[in-house]
Every structure is written in structure tokens, then in C-alpha cells.
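Colleague: One letter stands for each residue in the lines below.
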Amino acid sequence: MQPEFTEVQRFLLDCPPFDELTGEQRQWVAQNIDAAYVNEHNVDALFKQHSPALYIVRSGGFDLLAPDGHLIERLESHDLFGFPSLLSGRPVVNKLKVIEDGIIYIISAAMFDKLRQNVRAFEQYFIRAHGQRLLSEVARRSLREVGPGRGEATVNADRRETSHTNVETGSITTSESRPAVTEKSPGYDTLELSIAEVINREPVTVSSTASIREAAELMRDEKVSSVMVTGAAGAVQGLTPKEGADLGLHPTSASKLFGILTDRDLRNRVIAQGLSYDIQVNAVMTQAPATVYGRQTLMDALTLMTQHNIHHLPVLDDDDQPIGMITNTDLMRQQRSEPVMLISAINKADTRELLVAEAQHIPAYMQTFAARVHDTTMVGRLLASLTDSMTRKLISLYEQDHGVAPSTYCWIAFGSQGREDQVLSSDQDNGLLLGNGLNEQQREWFKGLGEYVCNGLNECGIPLCPGDIMASNPDCRRTLDGWLDRFQTWTESPTPKALMYCQIFFDSRMVHGNKRLYQRYRDDVAKLGKNEFFLGNLARLQVSVQVPLGLFNRFRGTESGKDSDLINIKRYGIALINDIVRIYSLQAGLTVPQTLMRLEQLRGSNLLNRKDNQSLGEAWQFLTQLRLQHQLDIWGTDKSKNALDPDELSTLTRRQLKTAFRIIKDCQQGVGLKFGRIG
Amino acid sequence: MWDLVKRWWRTHQARKKAWTEHRYIALDIETSGLDPATDQILAIAWVEVAPPVIHYTTGRYYLIDHDETDLKQSPIIHGLVKKDFIETSQLCDVMAQLSEQLNNKILICHHTQLDWRFINQAAKRCDIQLSPLALFDTLAFEATRLKRQQHHIQRGSLTLAACRSRYGLPDYDAHHAFSDAVGCAELMLAQGYKYVGSSKSSII
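So the sequences go chain by chain: A and B. Using my numbering, read the first sequence as starting at 29 and increasing by one per residue. Using my numbering, read the second sequence as starting at 16 and increasing by one per residue.
For the record, the hints were derived by calculation from the structure and aren't laboratory data. Hints may be right or wrong, so weigh each one.
[Said to hold, decoys possible] Derived SDA-like pairs: lysine to any residue, alpha-carbon spacing no greater than 25 Å straight-line: (1) A/K590 - A/E676; (2) B/K162 - B/R140; (3) B/K120 - A/Q77; (4) A/K76 - B/L161; (5) B/K209 - A/K590.
[What the hints assert, rightly or not] With the Cβ distance kept under 8 Å, some of the chain B side facing chain A (calculated, not the full set): (6) P67; (7) V68; (8) Y71; (9) T72; (10) G74; (11) R75; (12) A158; (13) L161; (14) L184; (15) P185; (16) L204; (17) Y208.
[Claimed, not checked] Quick partial rundown of chain A residues pointing at chain B, CB under 7 Å, derived from the structure: (18) E35; (19) A63; (20) A64; (21) Y65; (22) A316.
All C-beta atoms, glycine included, are put in the ideal place defined by N, C-alpha and C.
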């Protein structure tokens, strides 16, 4: 009888994608492989005789060389090679050089084909690896082990396939294939549900030419607090130039959303103003309201509501047809969504003490939330939403005590809050944009505001900024011209310090204040950011930071002292991607701060090709995910929040981390070539 | 007489072949004690080697059926307990298979003396002739090599695991007959390629 080959099986279990096989399949592999002792004398003959095949390094060290002799990768235990020829059918061209003798397992082409025909996950792994898309392969195992009481979570049972691979041709569709971290599992948070899944009634709509009374009657009969105002294609043409233009863009629309009318509008804009109930709805409705698409998530709805401080969002389908309304009560009704409750509690806090008390719950909430969600970007977005809400609450508390603002202004979030990739330990980065011509007393009001809000946020658990990038610092309270002067100094004489500031200040988002003022500011800043001389300097600075891959693509520690083996994935990973994406965004004049959104808007850019765009997004998500995982693991210890030990990672995660760093390195070179020569 | 001549001729021819052109059987056994006369083979495992490749398809592992399986040697050492002896094989059937396998091949063991005496004894009882081309002892090879380099041989430095680690071969869970057979095969390849060097040399 054949033995069970326990030793080989155990090895394969730690060697993705063989961990995707069933025990029986793994045993079949173990019973049929060949193991070769490879040294410099036999290596050439061996591979001539056994290729194409899939090779797995069991021990020893080997350099994979391109035909021109340059090193592609140093291979060590658990590394796989040879599959590109198996997948493409092209002859093997790369050479193997023996650094240290060792054992290599050989999986014949016939075995490989049988496995990929029978195990989809196995095939997909190689197709992705072949297309250097390994990051969309996911460390699901490590994810599922997060947090207390999750040990029993089904580790393998609920895998679903998310990406779409054309098996016949073996080609990869470049359509959206987000890392499988976003897959839903029994433990996901309801905020990950799509909006369409939640809205449970037909849209209640009223024609824009209906009377206010008719609209109110409809709202009463339907028991709703808001209605969507629509118009048939021809009915309102020419009503206003803007709507006419909109209609022109959607000639096929049967009915188009023009606005929204709420209980509050009826109270504030009709009754309180003493208007006649017979005038048309379009005179009092909110025009061109913020909307969401049914395919977006509840998190998207929550973010939008928090940012605009609104409670009703019309939901559209992909053809821009209204399909329903989602309200903040709908969100709160979702069970297990403490974040919504928390935001609502923050909004309801009447005193600073109550607010601070509510904020004490945030870390614990974030812990369970982070352990539950699969789309890690939601964690940063939620933290940003919470910080936004606290900021707005503090501003309104200050206004209660000190009267309303003496001029228009904007409270701006910079850095991670601006980008919405905050973590629990992120400190404050904010500033004030003020109107022109303020007198001393008025300036005092804003000084007080800055100090009150920054100290308040600190009490709420958002630490003060050690670099003093805060509205409490007079240097961060400027008029439009004041800010533009500052940006101009940075872009025209880019000292290292100035460039460092730029990496914070160019990522901004308005939290509260006058939208028009902010938009002007942002547009002017964007113009300054296009300066080629400045971009050239920024590029050279970025390229000078090296990813933690040393010789032969081995990990290189980034820290000093006793942590010298650790790798800081924030500074040498996430931040580098933010930097790369920022420089392309500056060049393109984009004003959105979020890295993923910037990438989305950069699609179709001539400078950043589609593949790099996608790779950067995947690498960013992977690293964010890994950092979150790490922070959950070390929570409550004094270990570094952003530095981790590569030796403690699983084989798959190590391979992915290397892939991510290689993507960054390649894209850095691209930045150097495209921008670095200018200026 | 004719058999002897045939055998001499075969060996004579074999000596002219390079070591890499031979076929090998790496074997390991687990026994109830150290004396072939009184103790029994409990398990036997082997795998075929065609340098530099070990063919796992040829891997075999048999638990031997004994009327009264005698586990007087600590069962912990070999990780074998009574319940493992459910799917067992008859010793003589296994010896017949082994005999066929060994034809024209070289037998490799770590400490050949012991294993060879056990399986020879067992084969004789079944009236089966085991006639490998030659025997190769990875332990003896290592001992000679170390002595020639004037190393003082320390206790424990000649175990399979210790020898393997000197060649940078991976750690295996020791004391499963099949792991040891594979481990022994890898060690022999490492010794062959490192010290016999060119494939032209002969090791028998």
C-alpha cells in the first residue's frame, strides 16, 4: 500500500494554493510528485528532462534568471515556479541557478492540468500569479481568525468566487475584481449590504409641477417623511436652464429625479414663509439633491448623510431612475450597526461632557467593527465619519456659547482624516479657511474655535498633532489668499520640509462650512499643484524612499534597535502608494482626497496605465487590510502599530507583501521617469 | 553455479556504470527490538530513487501482521500503537514485493547492517531471496567521510536527522518508517552529489 506522505502533505498545506485542495486531493498530489535533489551539476539536465512542470522549492536556494541573465527572483522554501510556461504553453526560457543545493518537488504538467480542471481556486491562484495579480488572492484564513469568539468561524466552508476568469482562454478579465476581502461571510457588518437590498418599498414620487398640497397629501397617505420630485421627459423642459441641460443629457429617461421634498422643507420653506399651498413643488424642493446608487453600500449612504448632515437620500438605479429612498432611520434599523447608533449619539450629545463620554465608546466599537467587516476601507471611512461628526458637534457647541461665526469659513480635514484612511491611533490634521477682511475680534472668535475643537477632539481620543497641523495653530488659520500664499511658497521653493507638508495638505476635505469658499480654495490649490517644477521635486523625493525589499527580493527590516527585523508597512507601503497616487492626481488637477477615489478618477489617464492603476489600488487595499489585521492582533500591547514581523506572516501573505512592494517599486520608477526629470 | 556467474557478471557490469545511472531502493524498517533472531519487523517502507529524482509513486509502506504483535519496545518511540495494526500485511507478501523491487537495484539504508539483517532474516523465513545489486549505507558513508576529515565523531552526530542537517536538508518528523526512507533517499542524493561529485564516479 502507499503511505500517506504526512510530511509532504503538511508542507503543501502551508504552500498556497495547495491549501485550497481537499485532504484527499493533497494526498493524491503527495503520492504522485517527484522530489529531486538539485545541485549545480544536475540542474540543467533535470529541467530539460522535466519541463514544463510546476516546481516547488522544499529546501535550498535558487536564483531564477531571465534569458539575459538578470535576476528575476531568489527562490526559497515554499516558492513556486515554472507555472507561466504551463499556463501559456510557451517554452521555458528562464534559467535556474543553484545558490544552495536542495530538494525541489516536481508536479508534472498532467497533474497540474488535472488539478486546475478540478479545483477552481487552484487554477485562479496561478492565473492571478501569472498576471502578477496575486494581491487579489486573499489571506482569508488569517482574516477569519480575528477577534475573540471568532475561532469557530467557518474557515474554509464559505469561500465564494468573486473574480471572473475566462477559463477557456485562460485570460484575465480586467473588470473589477476586488480582493476577496470584500466577500460577504456570516460575520459581515450590515453596513456592507447594498442599499438596494435594504430599501423595501416602491419609490414615492411626485411630479415637479404638482402642488405643494398634493405632495403633502401623498406624503400623508404613504406615511413617508419625504418624496422624490420627478419630471417626465418633456413636461418640464425649459423649466430652468439647468434642468433643461440635464434632460438633454438623458434623452431616454422616462422620469428623472429633479429634487427632494421633506417634512422639514414643508415646515421651513412653506408654512413658516407663509407660502400658498397651491404653488408648484419645484419652487420649494431641494434641487439636485445628493443621491446614491442601489449598488452602493449602506456605508456609502452613511458617509454621505454624515458629510452633508442630511437624513434622506434618493436611491437611483444604474440608469439614473429613482428606485427608492433611504433614510437615517433605515440605517439605524439595521441590526448590529453600532456605528450608526454611535454617530447618532454623537449628533445628539448636548454638552461637551456628553460628547466626550460617547467618544469613549469608539475604540471598543471600532474593534468589533473592524473584526467584522471585510472591506477594510470601511474602517478608515467610518473613523473619518466619526471624527467629522465630533468636529461638527464641537463647532456647534462652540457656536452656542460664542455666537455664530462672524464670517464665512471652512473647517478642513487634512492627512488621513482627509483621505478617510484614519486608524485609531491617527492624530489630528486640520485647519481653518477664513473669509477676508476680519478684524482682531473676529480673528479671536476663530482662534477660540480652533482651540476649543482641537482640544475637544483630543479629549474624544483623537490625539493632538505633534507637528501642530491643527486649527489651534495660527499658521493653520488662514484666509484664501493666506493659504494660497503658503501653497505657493511650497510649490515654488520645495524644501524637504515643504514637500513633507504637501503630502499632508494636498489631501483635504471640508468637514464643515461654506461649500463655495472651499471649492474655490480647492480649485486654486489644484492649479498650484500642477506646477511641473514642484512635481519634479516631489517625484525625486518619493523615489528616494526605498521599499523594504533587499537583494534578491528578500524582506529588509525598516526599523532600528531591537525591532530591526520589522517592516513598517505604513511608512514604506501605504504612505508610498498615497504619495504615488497623489502625484498623478496633482498632475491631473484632481480635488478628491481619497486614494482609491483618486485612482478611480485617474482611469483612462495617459500617464498612469490601467494595469498600474489597478495594481496600486489592490496593493493599497492589501496593505490597509494587513495593517488593520496587525493592529487588531497587537491591540492592548505596546508593540508597534505599523511595523510587523514578516517571519510571522503566512506563506501566502509573505508572497503578497512582496508582490505589493514590487508594485510600489515599479510604480516609483514610473514616477521617477515621468516626473523626476522635470524641474 | 550458473547463478553465481550471472551475478558476478551483473555486478561487474554494474561497477562500470556511473552512480547516477543506477536505480536505488531507499528503505527503512521499524522493529520491536534490535535482535533479528528474536525481534519482529513491525513496519517497512521504501521508495525508488533514480538520481536525482525520488519517485513518490513508488513509495510503499506496510504494517506487518503478527499473530501477537509484540510492542515490547516503547510504542512511543515509533509512534505505533496497537490500533495502527488494523490494515496489516503478511510479511511474506511484502518480502515478495520487495524482492522484486530490489532486482538490479541498490539498497540504501541508514545503518544497513541492522535493516539488512532484519529483512534478510525475514525473507529467508519466507523462502525468498533478496538480491540487490549492492548495499549503500548512508550512515557508514558519513562516518567514513567525517573520519577522513579527521573529525571527532560525537555521540548522536550520525543519526539520520543529524546527518541530514549537515547537508541542509529539511527537518522531518523522525521515526515514521516512510519519512525515514525518504529522508535516507535524500541524504544519499546529497552525499552523492556533494562528495562523489561528477556523475562518472562509481559508489559501489
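Colleague: All hints, please: hold or fail.
Modeller: These are the hints, each one checked on the structure:
Annotation: proposed proximity of A/K590 to A/E676 holds, straight-line Cα distance about 16 Å (limit 25 Å). Pair hint B/K162 plus B/R140 does not hold up; C-alpha atoms about 38 Å apart against a cutoff of 25 Å. Straight-line distance between C-alpha atoms of B/K120 and A/Q77 comes to about 22 Å, which keeps the hinted pair within the 25 Å bound. Restraint check: the Cα-Cα separation between A/K76 and B/L161 comes to about 35 Å, which exceeds 25 Å; the hinted pair is violated.
Using a Cα cut-off of 25 Å, the hinted pair B/K209 and A/K590 is violated, with the two alpha carbons roughly 38 Å apart. Annotation: interface hint on B/P67 holds; nearest CB of chain A at approximately 5 Å, less than 8 Å. The interface hint given for B/V68 holds, since its Cβ lies 5 Å from the closest Cβ of chain A, which is under the 8 Å cut-off. Interface hint at B/Y71: satisfied, since its Cβ lies 5 Å from the closest Cβ of chain A, which is below the 8 Å cut-off.
With its C-beta approaching chain A no nearer than about 6 Å, B/T72 sits inside the 8 Å limit, and its interface hint holds. With 8 Å as the threshold, the beta carbon of B/G74 comes within range of chain A, its nearest partner Cβ sitting at about 6 Å, so the hint holds. At about 7 Å, the closest approach between the beta carbon of B/R75 and any beta carbon in chain A falls short of 8 Å, and the interface hint on this residue holds. With 8 Å as the threshold, the beta carbon of B/A158 stays out of range of chain A, its nearest partner Cβ sitting at about 21 Å, so the hint is violated.
With a cut of 8 Å, the hint placing B/L161 at the interface with chain A is violated, because the nearest CB-to-CB distance is about 19 Å. For B/L184, the interface hint holds, since its Cβ comes within 8 Å of a Cβ in chain A; the closest pair sits about 6 Å apart. A cut of 8 Å between beta carbons decides the hint on B/P185: the least distance to chain A is about 5 Å, and the hint holds. Interface restraint check: B/L204 against chain A, minimum CB-CB distance 4 Å, threshold 8 Å, status holds.
This hint holds: B/Y208 has a C-beta 5 Å from the nearest C-beta of chain A, less than the 8 Å allowed. Because the closest C-beta pair between A/E35 and chain B is about 5 Å apart, less than 7 Å, the hint holds. Interface restraint check: A/A63 against chain B, minimum CB-CB distance 4 Å, threshold 7 Å, status holds. A distance limit of 7 Å between C-beta atoms decides the matter here; for A/A64 the minimum to chain B is near 5 Å, and the interface restraint holds.
Annotation: A/Y65 was flagged as interfacial toward chain B, and the flag holds, the nearest CB pair being 4 Å apart, inside 7 Å. Hint on A/A316 is violated. Least Cβ distance to chain B is approximately 66 Å, over the 7 Å limit.
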